[in-house]
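> Put chain L on the given structure of chain X with help from the hints.
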Amino acid sequence: MQGDDSAGQDQGRGRRRRGGREGATLGRLPMLLVIPAGLALTYLVAPLIALLLRAPWPRLPELLTDPTALTALRLSLVTATAATGLCLLLGVPLAWLLTQPRLPGRSVVRALVTVPLVLPPVVGGVALLLLLGRRGVLGGPLYEATGITLPFSTTAVVLAEAFVALPFLVLSVEGALRAADRRYEEAAATLGADRWTTFWRVTMPLVAPGIAAGAVLSWARALGEFGATITFAGSFPGRTQTMPLAVYLALETDPDAAIALSLVLLTVSVATLALLRDRWVSRL
Amino acid sequence: MTPSRSTGELAARLVVRRPGFALEVELEVASGEVVALLGPNGAGKTTALRALAGLQALDAGWVRLNGAALDDPAAEVFIPAHQRPIGVVFQDYLLFPHLSALDNVAFGLRCRGTPRAQARTVALSWLRRMGLSEYAHARPRALSGGQAQRVALARALATDPALLLLDEPLAALDAATRVAVRAELRHHLADFAGCAIVVTHDPLDAMVLADRLVVIEHGRVVQRGTPAQVASRPLTPYVARLVGLNLLRGWAEGDQVRLPGGATLTFVPPESDTTRKTEQESGGVPQVEADAGAPEGGRQVLVAFRPAAVAVYLEPPGGSPRNVWPGTITGIDPHHGMVRLTVTGPVPLVAEVSTAAMADLKLTIGARVYVAVKATEVDVYPA
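Chains as they are written, first to last, in my numbering: chain X, 1 to 284; chain L, 1 to 383.
Same shape as in the complex, but just chain X (with noise of 0.2 Å):
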């Protein structure tokens, strides 16, 4: 902190005070805002420390080689890729539909879009069941007329996760394809090139790093993804308990083993953050 005594000489020095002085115009910082900040970070980060600290480091190996939670972890892995492509299938189609100048009525889908983003994913997960279930409005006559039933298998899950991370997806090809420019389409089109031609020659490349970007953090999303398929797709192991609802119940059982998975979804969640760095955090 500067003392009331060097403004004084940070005005005769002029223009040749340095970076690290540059604060010091405005006087100093004050400590009202200082302290809740410090708290603020001190509450983001202490909780994962303390799962560092508590972690059973010796027994990690065998605790993450347990056939429960490499069945959990498999799982995770497979409905979490499987639901990152599902929302690329759809989301990047809707991601480019919001984009069009000619859309009627683009706000009122781009705010339904970001609805799973504020709902609670219980919530997310009980509407899926009244839409998907043996009995729900879809899933009723889907099974009368094949026999099939989503809840509870590993569709459900992969469903689930995918309604809680679409709108990721959706959101961030979005600002990609709004940041491109439009102009290599014009370009395109007078090189002979149709919308379909264009869309996957020149667009998708053009957007690619904010799809990957999009991509991951779709991944991440439906990999944390709990409330929505507990409630859709139920625990059942091998088939529909995936990483979160594992930690949740072996919190129960075995307090050390769900301190080692949460370890796995951090290390996950912290690789997830680096992968992104360039275009995320940095602007922040």
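In case anyone wonders, no lab produced these hints; they're calculated from the structure. Here a beta-carbon is modelled for each residue, glycine too, at the ideal position from N, C-alpha and C. A few of these clues could be false.
Unchecked claim - Selected chain L positions facing chain X (in silico; Cβ < 8 Å): (1) Ala81; (2) Gly87; (3) Val88; (4) Phe90; (5) Leu94; (6) Gly108.
Unchecked claim - Label pairs and their in silico Cβ distance ranges: (7) L/Ala117 / X/Ala208: 21 to 31 Å; (8) X/Ser107 / L/Pro19: 45 to 55 Å; (9) L/Asn66 / X/Val118: 26 to 36 Å; (10) X/Ala274 / L/Arg139: 22 to 32 Å.
For chain L alone, kept in the frame of chain X given last:
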């Protein structure tokens, strides 16, 4: 010399209306002809180019290329951009950053169904023609401005378009590359068999590249003609400034021109048969309606003369020059080793004097001077 305008392969009447702006331009371009669309920023040049390319629909008018209608609102015809036989070189080239130079050039052929291998062979031959074969696999970001411009030209030409549109093709280049690329572009345009339109705000680009100029201001054509015609007989102050001439408007009677401020100017009228011949040669040059019957007698004319033809004196000169007017110096700008003086007064004009003369006369802003123009130095022609 001047290609016949009646056999134009491209015939267009472009009408685009937007709030606060209206474009209304007629264009005809023959095969093998290069026409420059010259005008200041905001004149509507780029809108005209986009309308021709199909990136902007017309509100009225038509675009016909080799007899086929591409856009005709009255007949409800609109061929979208990707179905028009038109190549475009965009101002900043818009080379696809994720494709190599070769794949950029092959893009149009691929879109038109040419098999990949064949498209690449053709693309490579175009790059070779542009002297860029060693850059075939380079990404656009690795190319210099001049190289990128040539790739863009190759990309537009590779599909063998009937009409080539170039939007400020040299604007993105630095001055040094510009000279070389301009000469090269001229060479490639000369080889091109279709119609070509160059949009530019640079008179030099227009005069070097084009067989014919169409000058537009505020969405309207203000002058058409060969570069020589436009350079020697500008019809608007904008064109006069572009080609570096003083331009005055007045009413001619005998060897006198009455100027708006009440001053008169004496000139040497050409012999009548010469006048007719000049007007014939210039074809449709004066597009601004000729005002044959001026209210107070005399025909409306334009008077053009070079800044260097203006002499500057501190005292009224005696002797021969008859066109002498008082004035005040309001601007002094260096110009290619000379000095250009902006003189306001009854006859506002620009005079060009040597630095030595300038120092000799101790000319400063605000100085009261007399300017003189010799009768033999002025060109008077119908407005």
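> Does the CB of L/Leu94 sit less than 8 Å away from some CB of chain X?
At about 4 Å, which falls below the 8 Å cut-off, the nearest Cβ of chain X leaves the hint on L/Leu94 intact, so it holds.
> Against chain X, with CB atoms and a cut of 8 Å, does the hint on L/Phe90 hold up?
holds, 6 Å
> Go through the hint on L/Ala81 and say holds or violated, using the shortest Cβ distance to chain X against 8 Å.
With Cβ-Cβ at 4 Å, under 8 Å, it holds.
> Between X/Ser107 and L/Pro19, does the beta-carbon spacing fit 45 to 55 Å?
violated, 24 Å
> Tell me if the beta carbons of X/Ala274 and L/Arg139 are separated by a distance inside 22 to 32 Å.
Holds, since X/Ala274 and L/Arg139 (Cβ atoms, about 27 Å apart) stay within the stated range.
> Is the hint on L/Gly108 kept, meaning its closest Cβ partner in chain X is under 8 Å away?
Given a least distance of 4 Å, the restraint on L/Gly108 holds.
> Verify the CB-CB distance for L/Asn66 and X/Val118 against the hinted window 26 to 36 Å.
Violated, at about 58 Å.
> Mind checking the hinted window 21 to 31 Å against the Cβ distance between L/Ala117 and X/Ala208?
Distance hint for L/Ala117, X/Ala208 holds at roughly 26 Å.
> Quick check on the hint: L/Val88 CB to chain X CB, less than 8 Å?
Given a least distance of 4 Å, the restraint on L/Val88 holds.
> Does the closest beta carbon of chain X sit nearer than 8 Å to the beta carbon of L/Gly87?
holds, 7 Å
Violated hints, in rising order: 8, 9; the structure is consistent with all others.
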